[in-house]
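Here the protein sequences line up with chains A and B, keeping their order.
Residue numbers for the first sequence follow our numbering, so the first one is 1 and each next one is one higher.
Residue numbers for the second sequence follow our numbering, so the first one is 1 and each next one is one higher.
None of these hints come from the bench; they were simulated from the model.
Remember, it's a predicted structure, so these values are computed and weren't measured experimentally.
A couple of the hints might just be wrong.
Covered stretches of chain B, going by a simulated chain A footprint (3 or more residues, C-beta under 8 Å) [unchecked claim]:
(1) 42 to 51
(2) 103 to 112
With beta-carbon atoms standing in for the labels, derived distance ranges [what the hints assert, rightly or not]:
(3) A:V52 with B:G41: 25 to 35 Å
(4) B:D39 with A:S80: 25 to 35 Å
(5) A:G16 with B:S69: 43 to 53 Å
(6) B:Q51 with A:I51: 20 to 30 Å
(7) A:I60 with B:T5: 28 to 38 Å
(8) B:K42 with A:E98: 29 to 39 Å
All residues carry an ideal CB built from backbone N, CA and C; glycine is no exception.
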Amino acid sequence: DGGITQSPKYLFRKEGQNVTLSCEQNLNHDAMYWYRQDPGQGLRLIYYSQIVNDFQKGDIAEGYSVSREKKESFPLTVTSAQKNPTAFYLCASSRWTEAFFGQGTRLTVV
Amino acid sequence: KQEVTQIPAALSVPEGENLVLNCSFTDSAIYNLQWFRQDPGKGLTSLLLIQSSQREQTSGRLNASLDKSSGRSTLYIAASQPGDSATYLCAVGFGGRDDKIIFGKGTRLHILP
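The following block holds chain A by itself, in its conformation from the complex:
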């Protein structure tokens, strides 16, 4: 089945740690995105990538980093510089700006 796979589903981070969220797609889409969702809020764009080895900052990139070494993969690292990382993280890919989403990763700082 074609789709987008995010892992893990739940992730716990100690303060001061970096953690990496995985996003893999087998839809052969060029563009991939990371969004953050807080309770009662919409989705805010963290980073996006239109092609391999290229990515752009979204509206809330501070404290996050990404890489795009392969077309299928777009991992997101939440660094210790992100002061309020507890949130629901959603990855998407798109073709002609029609977006498809993974099931999300819920990150909690403990």
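Given chain A, work out where chain B should sit, using these hints.
Chain B only, in chain A's frame:
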């Protein structure tokens, strides 16, 4: 800055009613507009995609319209059912070099049995 606004933020209606959800956007130079459904704790499911050259799209009991010049879209749900209860999100895509997809905050819909 591109902004997407959804009204109302929350809506409760009795089962069987027809209803309309609204979405407005500030930058009319969009490539397309997409409506999504999100169930609690889950990812987003695409409902309808309207290209910028189209006026509306239909899927079953759902109909989405787009008025690009006025920066508005509506999602019409006919004969609502309890299973329609979810959050509905509107997103605009800009394509080209600035291939962003920007979301509204959503409308939380509750259908009363």
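Hint by hint, here is what the structure shows:
1. 42 to 51: With 6 residues closer than 8 Å to chain A, the segment 42 to 51 of chain B meets the three-residue bar; holds.
2. 103 to 112: holds (count 4)
3. A:V52 with B:G41: 25 to 35 Å: Once the Cβ atoms are compared, 32 Å apart, the range 25 to 35 Å for B:G41 and A:V52 holds.
4. B:D39 with A:S80: 25 to 35 Å: This hint holds: roughly 32 Å between Cβ atoms.
5. A:G16 with B:S69: 43 to 53 Å: holds (51 Å)
6. B:Q51 with A:I51: 20 to 30 Å: holds (22 Å)
7. A:I60 with B:T5: 28 to 38 Å: Violated: the Cβ-Cβ distance is about 19 Å, outside 28 to 38 Å.
8. B:K42 with A:E98: 29 to 39 Å: Given about 19 Å between the Cβ atoms, the range is violated.
In summary, the numbered hints that this structure violates are 7 and 8.
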